[in-house]
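Go ahead and model the full structure; you've got the sequences and the hints to work with.
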Amino acid sequence: MIRINRRKLITTSAVLAIAALTVTTVPAQALNPHMASEPGLTASTIKLGMTSPLTGIAAPGYSKIPGAMKAYFDYVNANGGVNGRKIVFVSKDDQYIPTTAVAKANELILRDKVFALVGTLGTASTKALTSSTQLSKRGIPSLFVNTGWSGFADKKAYPTTFSILPSYQMEAKIMAKMIKDKYAGKKLALIYQDDDFGRDALAGFKTAGLSFDLAIPYASGSQALPATGAGWITKLKAASPDVTVMFGVSSATTALLGAAAQGGWVGKTQFILGSVGGDATTIANTSKALVPLLTGAKGFSFAPAPTDSSDEYIKLFQTIYAAAQPKETFDNNVVAGMSNAFFTVQALKAAGPNLTRAGLIKVIETKGASLPNPFLTPLGYSATSHVGATGYWIGTYGPTGALTPDGGKYTVYTTDSGTGAVVESTYKRPAMPAKGL
Amino acid sequence: MKISLKARFVSVAAVAALAGTVVVGAPTAANAAPQCATANFVTQCAGAGADGAPYMMIAAANFNGTVFIWSHGIRPAINIPASLAPVGPYTITNAAEPGPLASSGDLSVINKLVAAGYGVAGSGYSRQSINTTEALAANKELIATFKTKFPTTKTVIAWGNSLGAMHSQMLAEKHPELVDGVIMGCPAANPSDALVSYFGDALWGFKALFDPSIKVGGYSTDPVVRQQEQLANIGKVLLVLSKLSAGLTTGAWPDTASPAGKALQAAGVPSRSALLTVGLMAGIPTRSKHVDGTSGPTGAAETYPLAIAPAVAILENMGTVGVAGSLLIADGELLTGGKVYDNSKTDYAARVAADADIYSFALSGNNAVNAIIGALAATPRETADPAAVAKIPSVIGLKGEIKKPTIIFQSESDEYTPASIVQWYIDTYGDQYAAEKAKAMADAKKSRAYSAPINNLVTLWIKTAPKYSTFTAAGSPDLTAAVGAGTGHCLFTSAQWLAAANLMTETLANGKFPLGGKIATIARKAGMTYDNKFRVPTFKALG
Numbered sequence: 001m002i003r004i005n006r007r008k009l010i011t012t013s014a015v016l017a018i019a020a021l022t023v024t025t026v027p028a029q030a031l032n033p034h035m036a037s038e039p040g041l042t043a044s045t046i047k048l049g050m051t052s053p054l055t056g057i058a059a060p061g062y063s064k065i066p067g068a069m070k071a072y073f074d075y076v077n078a079n080g081g082v083n084g085r086k087i088v089f090v091s092k093d094d095q096y097i098p099t100t101a102v103a104k105a106n107e108l109i110l111r112d113k114v115f116a117l118v119g120t121l122g123t124a125s126t127k128a129l130t131s132s133t134q135l136s137k138r139g140i141p142s143l144f145v146n147t148g149w150s151g152f153a154d155k156k157a158y159p160t161t162f163s164i165l166p167s168y169q170m171e172a173k174i175m176a177k178m179i180k181d182k183y184a185g186k187k188l189a190l191i192y193q194d195d196d197f198g199r200d201a202l203a204g205f206k207t208a209g210l211s212f213d214l215a216i217p218y219a220s221g222s223q224a225l226p227a228t229g230a231g232w233i234t235k236l237k238a239a240s241p242d243v244t245v246m247f248g249v250s251s252a253t254t255a256l257l258g259a260a261a262q263g264g265w266v267g268k269t270q271f272i273l274g275s276v277g278g279d280a281t282t283i284a285n286t287s288k289a290l291v292p293l294l295t296g297a298k299g300f301s302f303a304p305a306p307t308d309s310s311d312e313y314i315k316l317f318q319t320i321y322a323a324a325q326p327k328e329t330f331d332n333n334v335v336a337g338m339s340n341a342f343f344t345v346q347a348l349k350a351a352g353p354n355l356t357r358a359g360l361i362k363v364i365e366t367k368g369a370s371l372p373n374p375f376l377t378p379l380g381y382s383a384t385s386h387v388g389a390t391g392y393w394i395g396t397y398g399p400t401g402a403l404t405p406d407g408g409k410y411t412v413y414t415t416d417s418g419t420g421a422v423v424e425s426t427y428k429r430p431a432m433p434a435k436g437l
Numbered sequence: 001m002k003i004s005l006k007a008r009f010v011s012v013a014a015v016a017a018l019a020g021t022v023v024v025g026a027p028t029a030a031n032a033a034p035q036c037a038t039a040n041f042v043t044q045c046a047g048a049g050a051d052g053a054p055y056m057m058i059a060a061a062n063f064n065g066t067v068f069i070w071s072h073g074i075r076p077a078i079n080i081p082a083s084l085a086p087v088g089p090y091t092i093t094n095a096a097e098p099g100p101l102a103s104s105g106d107l108s109v110i111n112k113l114v115a116a117g118y119g120v121a122g123s124g125y126s127r128q129s130i131n132t133t134e135a136l137a138a139n140k141e142l143i144a145t146f147k148t149k150f151p152t153t154k155t156v157i158a159w160g161n162s163l164g165a166m167h168s169q170m171l172a173e174k175h176p177e178l179v180d181g182v183i184m185g186c187p188a189a190n191p192s193d194a195l196v197s198y199f200g201d202a203l204w205g206f207k208a209l210f211d212p213s214i215k216v217g218g219y220s221t222d223p224v225v226r227q228q229e230q231l232a233n234i235g236k237v238l239l240v241l242s243k244l245s246a247g248l249t250t251g252a253w254p255d256t257a258s259p260a261g262k263a264l265q266a267a268g269v270p271s272r273s274a275l276l277t278v279g280l281m282a283g284i285p286t287r288s289k290h291v292d293g294t295s296g297p298t299g300a301a302e303t304y305p306l307a308i309a310p311a312v313a314i315l316e317n318m319g320t321v322g323v324a325g326s327l328l329i330a331d332g333e334l335l336t337g338g339k340v341y342d343n344s345k346t347d348y349a350a351r352v353a354a355d356a357d358i359y360s361f362a363l364s365g366n367n368a369v370n371a372i373i374g375a376l377a378a379t380p381r382e383t384a385d386p387a388a389v390a391k392i393p394s395v396i397g398l399k400g401e402i403k404k405p406t407i408i409f410q411s412e413s414d415e416y417t418p419a420s421i422v423q424w425y426i427d428t429y430g431d432q433y434a435a436e437k438a439k440a441m442a443d444a445k446k447s448r449a450y451s452a453p454i455n456n457l458v459t460l461w462i463k464t465a466p467k468y469s470t471f472t473a474a475g476s477p478d479l480t481a482a483v484g485a486g487t488g489h490c491l492f493t494s495a496q497w498l499a500a501a502n503l504m505t506e507t508l509a510n511g512k513f514p515l516g517g518k519i520a521t522i523a524r525k526a527g528m529t530y531d532n533k534f535r536v537p538t539f540k541a542l543g
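Note that the protein sequences, when read in sequence, are chains A and B.
Position 9 of the first sequence, counted from 1, bears residue number 9 in the numbering used here, the numbering being contiguous throughout.
Position 175 of the second sequence, counted from 1, bears residue number 175 in the numbering used here, the numbering being contiguous throughout.
Each hint should be verified, as a subset may be incorrect.
[Unchecked claim] Here are the computed lysine to any residue pairs in the SDA-like style, where the Cα-Cα straight-line distance is at most 20 Å:
1) B:Lys533 / A:Gly420
2) A:Lys47 / A:Val363
3) A:Lys156 / B:Ala353
4) A:Lys315 / A:Lys435
5) A:Lys137 / B:Asn532
6) B:Lys467 / A:Leu110
7) B:Lys243 / B:Ala266
8) A:Lys113 / B:Thr529
9) B:Lys533 / B:Ala434
10) B:Lys149 / B:Ala116
11) B:Lys533 / B:Gly516
12) B:Lys533 / A:Gln134
13) A:Lys137 / B:Gly430
14) A:Lys92 / B:Pro466
15) B:Lys533 / A:Ser132
16) B:Lys399 / B:Tyr433
17) B:Lys399 / B:Gly430
18) A:Lys156 / B:Pro537
19) A:Lys113 / B:Trp461
20) A:Lys92 / B:Lys467
21) A:Lys206 / B:Asn367
22) A:Lys113 / B:Gly516
23) B:Lys403 / B:Glu436
24) B:Lys399 / B:Glu436
25) A:Lys180 / A:Gly420
26) A:Lys235 / B:Ala267
27) B:Lys467 / A:Arg111
If you are wondering where the hints come from, they were derived from the structure by calculation, not from laboratory data.
As structure tokens, then:
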């Protein structure tokens, strides 16, 4: 018995000695007792997974987001990684089909064994994969989903999912204020996606007390059918609205502009485009001739404009992206992807070397609102809410499809997804960390 | 739309052929002693139980003391004419079935088990359809008969598929002293009447929208009339399905549509959106044997999965659900003495709320969903007979309690016995295990020796493949193509049954399941997955 204890003591001492020798060279997280039980995590790597449309109806524009994220993750890896770990980024193509998104998320979780999902794209796909793969029961973080559906901010319903975009309700409320201020008494039309995306918008407009003379719903996906856009123009021609709001995806805006051009209805209304529907790259991918039709349309964004090289984040992202993807245009989708990747890195960094899934979720809830980020609006993360950005600035599209802020500067309006007022924000975002790391 | 129920219900002739190789004739009189014959060291016996249920027992000279008692899946209790093809023709049969796949003529599982020294036995039961009471009695009797004939019997493994899995579980729950292990393939169960709701909601949706003359319940108590009503109902369901199939792309409604359906048609809601809504509110899988939900024909590869495929999958699955519902609900009423389906308080809006966004294009958007739900809300509901409902547990009630080592295997997109049943087993056993663990810990405080409870449940999944659909030149799913993995009802291979059998015998020999890695390897080799964290949605009726 005594001999056994002596042997144990000797062994323990040896282990301590080895630990003491290696503690300066081995990341502290390697000693984390939780590490072995956390999928997607090794002493030197963190595996993150994303499913988004790389092909299919929503691919134009959105397909650039994973590449932009990878460019930033590669930049971080080249600079030592996050707390000593390199990011392994796995991207899958779901074609914007929810059933496929579920299959791809299952592959990421079960086959690739990712530590967390990041940037899943689209309300329907994200809802489908979140419920089908049981993310919350598995405790898998779903970071910064690329959808503004307000429901994802509900911590109770989606305890491991975090929004990053302002909600569509917030956007509709801010849009309503702008319309009331600028187009009071005008005849208003609304085209909206007839799902939770549009439901959020309708709720926001209702809260703001804005009603439309004509409201045209469309089923998500039906914008791919030529008859859909033509049907809109027929109704719009009959109603002759002064202002037409498109609260849909960019492929719907493309359908609208294309049908307007074909139907001889150009310049007949003031277009106002929701943030999701105003991506010039997506429109140009279908027809470059449609992009000039955006001229004068109003748009919304919560990140700095991709053309704004005076912004330290945009300047950094432009440099990184030019090196990684020299043939690609730097646009809104690239900014969205790199911003998402940047904030993911900041959250991982804040979670510290002893990284766990639960720890990461906790740190976003407690520190997420104050972490460095490129966005121009306050972040709403808290112990009770998983809402990300909370506001927008308003701009006008030029003939190249670039959105520039009205008044020559970013005037940010902030609000909530409830009945809170729309107010001008005084938010000052945190300074960018050295080298953007 | 082809509905392949026939293979499951019939073709028991192959089993008779197996017996015929050595047994001249099976006795038909109740309680008749088994007639046995031995050839090539294999003894086959045929007999009839106390209620006349025919049974079959097979063991070889190298019998090792372990017998597999098989419970076959459901067979209709009524004859079905050829005019109702492809469901018919079917003639009621109580033929004995000694093991899996035998009804389809595949004797490989039985042969391999017998060659390896195991015994196999199975009854045909004295009554078909919902025959849990008869099956429990027959299985008890068969075990005793087998032990009498083969007195070295030490270990009994109860196994079955579909309704037969319910029989196996019921045997283990009510008579754990008779059973050492349980294997359930595609098990049936009716937790809190969720399976009754599954079939009933689907039929009621069809009645409410597509043909008001479809029955959901309230069948005649006269056996002849009841049978006529059942057959008529099956015919109506098949007819509506063919009309919905014809209108898939155009959105045209069946000419039998209800006033509510006609109003939706007038409002421009496509029939496929209404069909999908019915499927979603019942919880029918949105992938089927030939529709993966992610593929599309040339020229519509992107829009078909979003706009059409979910409804087509419901259409294919509804062939099974509508027919089975017509048979089972009528039989349930016969056994309980009254109406068993009740949707008087069902909130269909809540049922589809989570799915509305996911299938937005196929549902034609929120406005269409609201219109369909509104139409359903204005349609009279079904009210059950409380006395009949109270009797259901005595007929098909299970606790889900796992007392013996149990293996369940299941296809993710089974339209007949939905994977939700397996999730119920998993969750129920999770609670049971947690309670056992808590008790063990409490005991350990007194004894100062903690002994963790042994896990008694392993679930193997056949997950639905992401892509398997192929399309005809006309752009329709090719229904003659191979069935997608993880779809259909009990479409298990002999390798899967043997993998489960081998895993069970090894477990019983060692007193516990092997380590997870080994189970995963066994599962993978047979085209299954072992994943403790995999979950499927619970029944819609259970919320």
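With the threshold set at 20 Å, check whether the alpha-carbon distance from Lys113 (chain A) to Thr529 (chain B) stays at or below it.
15 Å, holds
Given the hinted pair Lys47 (chain A) and Val363 (chain A), is their alpha-carbon gap at most 20 Å?
19 Å, holds
Can you confirm whether the C-alpha distance between Lys467 (chain B) and Leu110 (chain A) stays at or below 20 Å?
Measuring from Cα to Cα gives roughly 17 Å; hence the hint holds.
Regarding the pair Lys149 (chain B) and Ala116 (chain B), is the alpha-carbon distance no greater than 20 Å?
19 Å, holds
Given the hint that Lys467 (chain B) pairs with Arg111 (chain A), test it: the Cα-Cα distance must not exceed 20 Å.
Satisfied, since the Cα-Cα distance of roughly 17 Å is no more than 20 Å.
Can you confirm whether the C-alpha distance between Lys399 (chain B) and Gly430 (chain B) stays at or below 20 Å?
13 Å, holds
Against the 20 Å threshold, does the CA-CA distance of Lys156 (chain A) and Ala353 (chain B) hold or violate the hint?
The hint holds at about 17 Å.
Checking one constraint from the list: CA of Lys533 (chain B) to CA of Gly516 (chain B), max 20 Å. Satisfied?
12 Å, holds
Does the alpha-carbon distance linking Lys92 (chain A) and Pro466 (chain B) stay inside the 20 Å limit?
13 Å, holds
Need the status of pair Lys533 (chain B), Ala434 (chain B): alpha-carbon distance at most 20 Å?
Measuring from Cα to Cα gives roughly 16 Å; hence the hint holds.
Lys243 (chain B) and Ala266 (chain B) were given as a pair; does the straight-line alpha-carbon distance stay at or below 20 Å?
Status holds; Cα separation ~17 Å.
Given the hinted pair Lys180 (chain A) and Gly420 (chain A), is their alpha-carbon gap at most 20 Å?
Holds, at roughly 17 Å.
Figure legend: structure checked against the earlier numbered hints; the only hint not met is number 1.
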